Amino acid sequence: MNSVRVFFVGGLTSYRALFGWLSPWVFIPSLVVAPVFQILLFVYIGRSAQLESDEFYVIGNAIQYASIPCLFAMTQTIAGERFQQTLGYILISPARRLPLYVGRALPVVLNGFLTAAVALVVGGVIVGIDVPASSWAPIAFVTLVCAFSCTGLGLLNAGCGLVVRENAVLSNIIFGVLLVFSGSNVPIDQLPAWMQSVSEVIPFTHGIEAARRLADGETFGDVAGLVGEEAVIGVVYGAVGYTVIRAMEILSRRWATLERA
Amino acid sequence: MRTLRLLSMGWLFHMKMLTRSSFNTFLGIVYPLFFATIAFFMFKAGDDPKPLLWASLGAAVMGIWGTTSTAAGNALSRERWHGTLELLVAAPTHFSYVLLPVTIAMATIGIYSMCATLLWGWLVFGIQIEIGDPLAFALAVPATVITIGALGFLMAVAFVRFRQAWALGNMFEYPVWLISGFLVPLSLFPAWVRPISWALAPTWGIAAIRGAALGGSPYADIAVATALGAAYVAIGIALMNRALVAARARATLSLT
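The listed protein sequences derive, respectively, from chains B and F.
The letter at position 57 of the first sequence is residue 57 when you use our numbering, and the numbering goes up by one with no holes.
The letter at position 9 of the second sequence is residue 9 when you use our numbering, and the numbering goes up by one with no holes.
Quick caveat, the hints were computed from the structure, so don't treat them as lab data.
Please read these numbers as outputs of a predicted model, since none were measured by experiment.
Where a beta carbon is used, it is the ideal one built from N, C-alpha and C, also for glycine.
Heads up, a few of these hints could be off.
Restraint ranges, calculated between C-beta atoms of paired labels, are given here [as the list claims (entries may be wrong)]:
{"no.": "1", "chain 1": "F", "residue 1": "16", "chain 2": "B", "residue 2": "163", "range": "42 to 52 Å"}
{"no.": "2", "chain 1": "B", "residue 1": "121", "chain 2": "F", "residue 2": "188", "range": "16 to 26 Å"}
{"no.": "3", "chain 1": "B", "residue 1": "133", "chain 2": "F", "residue 2": "119", "range": "41 to 51 Å"}
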């Protein structure tokens with residue numbers, strides 16, 4: 001019961017604390033306006049380069065932008081505690097770690113989903129893409145799965161945050177890698193073979209492809225395999241991330257480096 | 001002479017400070033490379049007849065704005081956190097002369113990014129860098145850097161009342177990339193967007209750089225960019241005067 005409490009109450013408290021500093025003056029410019037302009041930037045570059053349709057870039061960038069809240073907010077659950085000088089108190093608490101960390105991830109998934117969904121709708125309306133009404137619900141589900149898989153990567157990123165001082169630098173670089181490799185703007189088959197191999201094992205690649213196919217009129221059954229792969233990638237990154245966090249926690253105790261990083 | 005010394009020493013001092021920050025140097029160099037890489041792939045794969053150097057120059061200048069927008073938005077907040085804002089405002093020198101070299105230094109750091117992007121395009125994508133008019137290019141790059149720094153100065157002053165000014169600065173990164181024509185010709189935008197583009201110095205800066213490299217009228221573009229940069233500084237100083245008077249009257253400088 002205590003673990004359930006830590007999962008839900010701890011996660012909610014962490015989320016509220018995050019939004020204590022993530023005020024509307026941060027939320028709206030960063031998570032509402034910026035993704036729309038990212039979409040517009042690539043839509044217009046796409047028109048200039050005469051490569052793909054507007055719909056291709058709207059879907060790719062809207063979903064990929066979920067990485068901003070998923071990576072930064074997840075990392076902030078560690079870095080923020082360090083900044084507030086409360087990380088040590090949390091790590092000496094007897095709370096079980098799995099509900100502690102996964103509970104903090106749940107609101108991040110929802111936030112990532114919300115960011116991507118708003119960007120998809122607003123960007124789609126501005127650019128004027130035509131998606132069948134029956135596709136919106138499955139696309140929303142795919143977006144949720146993508147937010148989940150990226151939060152798994154965010155958990156790994158948060159683990160690195162225990163030993164790396166420059167969390168923001170690391171999160172931005174991961175964001176850039178996802179932007180290039182996930183096929184959000186460049187069709188995967190246009191990338192070199194080694195990049196295509198990387199694309200296969202990162203969040204978003206399968207989800208974005210699934211969402212595009214849904215927007216083109218395919219049914220959820222047609223893309224279920226892609227959605228499943230996206231979810232598995234999220235589970236794997238989440239498991240690795242949790243393991244890394246635990247390992248870094250142990251190392252930081254042993255080397256007394258918790259506050260130094 | 002004293003003012004010039006203050007501006008140059010302020011610029012040098014903040015350049016040194018910024019080069020110690022991995023956020024401003026390492027990330028400032030690497031982050032635009034992601035966008036440049038995507039642009040190179042898109043222009044290579046697409047049917048657009050423009051030379052890849054056109055995209056490479058645009059992507060290179062994106063880095064200058066990238067290093068400036070968020071950092072300039074945050075310039076005053078940073079002084080607040082350091083507890084130095086009141087001291088700088090209270091100093092006998094006008095605060096504008098303190099802030100202007102800070103934002104120009106931020107833009108200057110972008111030259112690292114510009115060089116890295118051009119080098120990246122050459123090494124990885126085989127984009128040859130051929131400059132048609134080297135003198136114009138040598139004038140266009142510093143003019144672009146200084147005017148982008150001036151735009152950052154105006155932003156920093158405009159956001160003086162916002163506690164989370166960095167987020168507003170960050171918000172303007174994509175729009176300026178988009179409508180300044182770094183990677184998209186202005187002719188593709190709706191007619192109502194173009195006057196906004198013309199009011200932005202980076203639009204004329206990239207036009208000058210492209211004109212110097214690929215042929216065009218770089219000197220006229222340099223002149224317009226410089227004039228706009230001077231206008232930004234003048235407007236920024238006027239805004240700064242009003243903001244400082246209001247902050248002193250209401251004791252709101254620290255926003256606490």
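Hint by hint, here is what the structure shows:
1. Our hint of 42 to 52 Å for residue 16/F and residue 163/B is violated, since their Cβ atoms are close to 28 Å apart.
2. Checking the proposed 16 to 26 Å range against residue 121/B and residue 188/F shows it holds: the Cβ atoms sit about 24 Å from each other.
3. Distance hint check for residue 133/B and residue 119/F: the Cβ-Cβ separation is about 48 Å, which falls inside the suggested range of 41 to 51 Å.
Hint check: a violation occurs at hint 1 only; the rest are consistent with the structure.
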